[in-house]
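Number of protein chains: 2
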Amino acid sequence: MANSPTGDSVTDRLVRVLETFTPTRTVQTAAEIGRRTGLPSSTAHRIVGDLVEAGLLERDEDRGVRIGMRLWELATRSSHALRLRQATMPFMERVQARVQEHTQLAILEQDEALFLERLSGPRSGANITRVAGRLPLHASSSGLVLLAYADAELRDRVLAGRLVPLTRATLVDPSAVRRKLAEIRTLGHAMAPGYIEDVSTGVAVPIRDETGTVIAALSVVLPHGTPTEFALVELHRAARDTERALGYRR
Amino acid sequence: MANSPTGDSVTDRLVRVLETFTPTRTVQTAAEIGRRTGLPSSTAHRIVGDLVEAGLLERDEDRGVRIGMRLWELATRSSHALRLRQATMPFMERVQARVQEHTQLAILEQDEALFLERLSGPRSGANITRVAGRLPLHASSSGLVLLAYADAELRDRVLAGRLVPLTRATLVDPSAVRRKLAEIRTLGHAMAPGYIEDVSTGVAVPIRDETGTVIAALSVVLPHGTPTEFALVELHRAARDTERALGYRR
Numbered sequence: 000m001a002n003s004p005t006g007d008s009v010t011d012r013l014v015r016v017l018e019t020f021t022p023t024r025t026v027q028t029a030a031e032i033g034r035r036t037g038l039p040s041s042t043a044h045r046i047v048g049d050l051v052e053a054g055l056l057e058r059d060e061d062r063g064v065r066i067g068m069r070l071w072e073l074a075t076r077s078s079h080a081l082r083l084r085q086a087t088m089p090f091m092e093r094v095q096a097r098v099q100e101h102t103q104l105a106i107l108e109q110d111e112a113l114f115l116e117r118l119s120g121p122r123s124g125a126n127i128t129r130v131a132g133r134l135p136l137h138a139s140s141s142g143l144v145l146l147a148y149a150d151a152e153l154r155d156r157v158l159a160g161r162l163v164p165l166t167r168a169t170l171v172d173p174s175a176v177r178r179k180l181a182e183i184r185t186l187g188h189a190m191a192p193g194y195i196e197d198v199s200t201g202v203a204v205p206i207r208d209e210t211g212t213v214i215a216a217l218s219v220v221l222p223h224g225t226p227t228e229f230a231l232v233e234l235h236r237a238a239r240d241t242e243r244a245l246g247y248r249r
Numbered sequence: 000m001a002n003s004p005t006g007d008s009v010t011d012r013l014v015r016v017l018e019t020f021t022p023t024r025t026v027q028t029a030a031e032i033g034r035r036t037g038l039p040s041s042t043a044h045r046i047v048g049d050l051v052e053a054g055l056l057e058r059d060e061d062r063g064v065r066i067g068m069r070l071w072e073l074a075t076r077s078s079h080a081l082r083l084r085q086a087t088m089p090f091m092e093r094v095q096a097r098v099q100e101h102t103q104l105a106i107l108e109q110d111e112a113l114f115l116e117r118l119s120g121p122r123s124g125a126n127i128t129r130v131a132g133r134l135p136l137h138a139s140s141s142g143l144v145l146l147a148y149a150d151a152e153l154r155d156r157v158l159a160g161r162l163v164p165l166t167r168a169t170l171v172d173p174s175a176v177r178r179k180l181a182e183i184r185t186l187g188h189a190m191a192p193g194y195i196e197d198v199s200t201g202v203a204v205p206i207r208d209e210t211g212t213v214i215a216a217l218s219v220v221l222p223h224g225t226p227t228e229f230a231l232v233e234l235h236r237a238a239r240d241t242e243r244a245l246g247y248r249r
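Chains as they are written, first to last, in numbering that gives the first Met the number 0: chain B, 0 to 249; chain G, 0 to 249.
In isolation and in its complexed conformation, chain B is listed as follows (with noise of 0.2 Å):
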């Protein structure tokens, strides 16, 4: 529909304008989309001036725009993601409660791990991850996990890509993460000692669906040299307790 003259939809320009906005650049100019997604000005312009008629886009009191509310409300309200979230949510409070450190939930999406929530108290530690940011499959515990139990099809895929290292300790040679991968589905859990930040360990196991497919991860962050005992008990009752709240487990 729609298509200009080199071909992309008007829904492609829509995304490649949305996809301008990240966790740390919530506020630009139309002037500044433009250059961002390589539109021409006037279509750059234009195209937010629909976005934020329609209430996807809200202005600032300057000349800024952001994403508005109308577009979180009608992309949250009836998605998947929410309902894990929202299933998820006591059990993973309640491991926040008692190991009092970062506790994630993460599912598999365009391979790489996306974080649908992060419950944090004020005594958690570092942590790099944010709600409805990303992390590479190879690197973050939750990510091992989904790659671990990913078809085979995407675990070749992720592995001939370019596995990045972002400490010394993340695994990039593919035979050794494929020796992890084999490690995890023995143990029924991640750990990710250091491979994403120094200071840290990631830990994470499962959440199944009724066939057994694994659906998402749960994860805490712990200081690294943490003893990682606790958090895995809670992290397995937690899994096993959501199972049981989606009906997906007696």
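FYI, nobody ran anything at the bench for these hints, they're computed from the structure.
Fair warning: this is a prediction, and the values are worked out from it, not measured in the lab.
For each residue, glycine too, the CB sits at the ideal point set by N, CA and C.
No false leads were slipped in.
DEER-style ranges, computed between Cβ atoms:
no.	chain 1	residue 1	chain 2	residue 2	range
1	G	P39	B	I127	46 to 54 Å
2	G	E228	B	A168	45 to 53 Å
3	G	H235	B	P22	26 to 34 Å
4	B	E228	G	G63	39 to 47 Å
5	B	G187	G	E228	40 to 48 Å
6	B	R82	G	P39	28 to 36 Å
7	B	R249	G	Q109	37 to 45 Å
Part of the chain B face toward chain G, derived, beta carbon under 8 Å:
no.	residue
8	S8
9	E18
10	F20
11	R65
12	M68
13	E92
Could you slot chain G onto chain B? The hints should help.
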């Protein structure tokens, strides 16, 4: 841009498609979407196809489509809703843990109370609120707080509109609502005993920015007849702590 014969922009039609999804209607076929939007079937199919290709909608195993994870991610990661919610979460969790009833965060959006978050415990009672759901301003305790501190123009507009009763206790007489709002401004909190559901009482307090403008309402839903003092104290503490966390108060 790319207007249809009836003059609505592609963005408008796209929003109309997204608006057909609701918390209880999370999967639809393109044909159903066409019927519900009133768009010609071929147009609806084309828009749905474009949205699926861009990842904003996802296809089901059957012929259904649902809101895509990508849309949730784009809408959430740089949203104002997320920042307010993240700042409030630790204090909402404290309220929920101590009061053991539904704890909620709402903002004013298009003359309604839009709920950004809801925390519930295993023992919490009845509650109609949903994340990304809405309630009328005159009926919910959150809505009454937002209305009490809203500008006069918005207040007049809402009071001039139809004040729908949800129970026999809901205030529907504009002058009764005006008296209620004055009372809320004097007390600094709102009570909504049985206004939304007979069995419950909402209690809400405002969250303010650095200029003193009310930007959100924090509330709990108690079983009707429960003493409200303890919940109110916890809500006020949580509101102050949120304002501090956001840098709005020292």
